[in-house]
Amino acid sequence: MSEGKSFKLFTRPKFDSSSVVVVWNQDVGRLGPKVADYLTGQLDGQELGEISPEGFFSLSGITVEDDIAQFPESKFYRCQNEDFVIFRSDIPRFDWYGFINLVLDIAEKYFKVKHIYTVGGMVLPSAHTTPRTLLSVVNSAEMKRMFGLYDVVHDMDYETREDQRPTFSSYLLWAAKMRDIPGACLWVPVPFYLMTVEDPQACKKVLEFFNRHLELNIDFADIDKEVAEQNKKIAQARSQFPELDGYITKLESNLGLTADEGEKLVKEMDELLRSSH
Amino acid sequence: MGFRLYKEPKLINPVLVACWPGIGNIGIMAVDMLRRMVAAEELGDIESWDFFYPRKVMIRDGELKDLEFPDNKFYFKKTGKKDLLFFIGEEQPTDGRGVYAEGTKAYRMANLVLDVAMRFGCQRVYTSGAAVAPIHHTTRPRVWVVPNSKDLLDEVKGYENTVLMSEVEGRDGQGNITGLNGLLLGVAKKRGLEAICVMGEIPIYIHGFPIPYPKGSKAVLEVLSAALAVKIPMDEINALIQQSDSEIESVYEKLPSEIKEQLDKLKYVVYAKPSEPEPITEEDKKKILQEIDKLFKKDTGRD
Chain A
4 MSEGKSFKLF TRPKFDSSSV VVVWNQDVGR LGPKVADYLT GQLDGQELGE
54 ISPEGFFSLS GITVEDDIAQ FPESKFYRCQ NEDFVIFRSD IPRFDWYGFI
104 NLVLDIAEKY FKVKHIYTVG GMVLPSAHTT PRTLLSVVNS AEMKRMFGLY
154 DVVHDMDYET REDQRPTFSS YLLWAAKMRD IPGACLWVPV PFYLMTVEDP
204 QACKKVLEFF NRHLELNIDF ADIDKEVAEQ NKKIAQARSQ FPELDGYITK
254 LESNLGLTAD EGEKLVKEMD ELLRSSH
Chain B
5 MGFRLYKEPK LINPVLVACW PGIGNIGIMA VDMLRRMVAA EELGDIESWD
55 FFYPRKVMIR DGELKDLEFP DNKFYFKKTG KKDLLFFIGE EQPTDGRGVY
105 AEGTKAYRMA NLVLDVAMRF GCQRVYTSGA AVAPIHHTTR PRVWVVPNSK
155 DLLDEVKGYE NTVLMSEVEG RDGQGNITGL NGLLLGVAKK RGLEAICVMG
205 EIPIYIHGFP IPYPKGSKAV LEVLSAALAV KIPMDEINAL IQQSDSEIES
255 VYEKLPSEIK EQLDKLKYVV YAKPSEPEPI TEEDKKKILQ EIDKLFKKDT
305 GRD
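Residue numbers (my numbering), protein chains in the order written: chain A, 4 to 280; chain B, 5 to 307.
Honestly, the hints are just simulated from the structure, not real lab data. Check the hints yourself; a few may be wrong.
Residues from chain A shown here face chain B by an in silico Cβ test under 10 Å; the list is partial [to be verified]:
1. Pro56
2. Gly58
3. Ala130
No farther apart than 30 Å at their CA atoms in a straight line, the calculated lysine-lysine pairs in the DSBU-like style are these [stated by the list, open to error]:
4. B:Lys271 to A:Lys78
5. A:Lys235 to B:Lys154
6. A:Lys78 to A:Lys180
7. A:Lys8 to B:Lys69
8. B:Lys271 to A:Lys236
9. A:Lys270 to A:Lys228
10. A:Lys267 to A:Lys236
11. A:Lys11 to B:Lys77
12. B:Lys235 to A:Lys11
13. B:Lys109 to B:Lys161
14. A:Lys147 to A:Lys180
15. B:Lys194 to B:Lys86
16. B:Lys109 to A:Lys78
17. A:Lys115 to B:Lys194
18. A:Lys78 to B:Lys154
19. A:Lys8 to B:Lys109
20. B:Lys154 to A:Lys236
21. A:Lys8 to B:Lys77
22. B:Lys109 to B:Lys154
23. A:Lys11 to B:Lys194
24. B:Lys271 to A:Lys11
25. A:Lys17 to B:Lys194
26. B:Lys194 to A:Lys112
27. B:Lys154 to A:Lys270
28. A:Lys270 to B:Lys109
29. A:Lys228 to B:Lys154
30. B:Lys154 to A:Lys267
31. B:Lys258 to B:Lys161
Just so it is clear, CB atoms sit at the ideal spot from N, CA and C, and this is done for glycine as well.
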């Protein structure tokens, strides 16, 4: 691996060791990108380098989302804290293994990665009023012991269903294990009706973990404000629209919704909350 | 693989207008006309041989004299305020499978175009193309605008006769822009440049045929000339529209009356939101396109 065609570093920082946090732009409730935005904003994150899209993404044009032209990005950021790196990227369309290995090569060679973390949301048929939990999947006994010290669910059993595929984060975690890089995937369940918008509560849950574990001194005032605003908006909508309130009340009582009800709730929430982002 | 500059003029806050051929040649016709109308001078070109298969060989007296490749030229015009840079590509670089740019070559070409633009201090890029829409050829086409940053939304909303993707029925703000006219927007975003793609509408029943649609180009030209504060005489494009209208009408007249009835419904489509009578169905659309295809094949058969 050599710098040039496939990746470029903007600066040459010296690392003795680092924790690398990986987030994907395509995430439920925009959890990963939101965590990255908050951390880089709070910790004065500076761009460190980037992976070129060639060979990993379709370059036959662009997609438009919410009226804006999109382009794949795969960037490393260094936070004020010298041993903390964020990698924020779109999930590649081609050569997944090559991409993952390039990320790990860079993390090992230039950032002397000690631990690697991924962040992601998982859709759950729960209400937004249910407290968020943090779940971890680790790739080493060392990480398992470490997570035992925190308020994190670390004994999950799961197998990919036949009609699904493992997440890209799991793929990365496995590849890290092959190289003996201790790592963990951090998951937060996101209420299904927030999956197309944002879930600041889920974001806060992840931030709290990193704040404590990496001693980051994060100021939570902004994210607290977002949580309060979202809750207020939903509460107002519930009082205005009894049907919507009925759906959420059912979820709060651990009752399921029909497919139609679920779809309606997602649509209403999307319309209600999207305008605020 | 690089570019050649014939001169190095000092430009003030230049804006790049770049275009490659696409559906109905809507963008390229508008941009090339704009370039000619402002009398832009040649500035340089991209060395084409690494991007394209040659299109012409010149042999004299048994000796190969030259090999010709598609042109990819830069032009400039000093306006006294925001100077103009143009890039016009005769073809999109492909891997041989499609018409639209794709892959590494496309990405490199987009970067080369921006290398030149940034060398002259450019911070704003316009590209142009076509938007296939359920409109009738007798109605005035609108222009779909896609910026590469949220910060540009308010500005583009102010352009006359334009719509955002979110204002287009059934799109919900989502879509694709195929080829380099789209890719350049993304690469500009990556390199920190503002970029806007303006796409003139072309009727859904015309877009698949190898004919230009100057009405769509005029709509683009109007938006670009207003955005760039350049006054453009419209006589030439109006003449082309007149000619194209009569050609389209002659084909239209030959359509079976049931197909024409279906297409006539498009005259009543209030933009994006279908109004009475009901819009044509997918099945109708298929039938219509088959009929028009037949007509064009007949015409081509005569040549």
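Problem set entry | Hints violated by the structure (numbers, ascending) | The structure breaks hints 3, 4, 7, 8, 12, 13, 24, 28 and 31; every other hint is satisfied.
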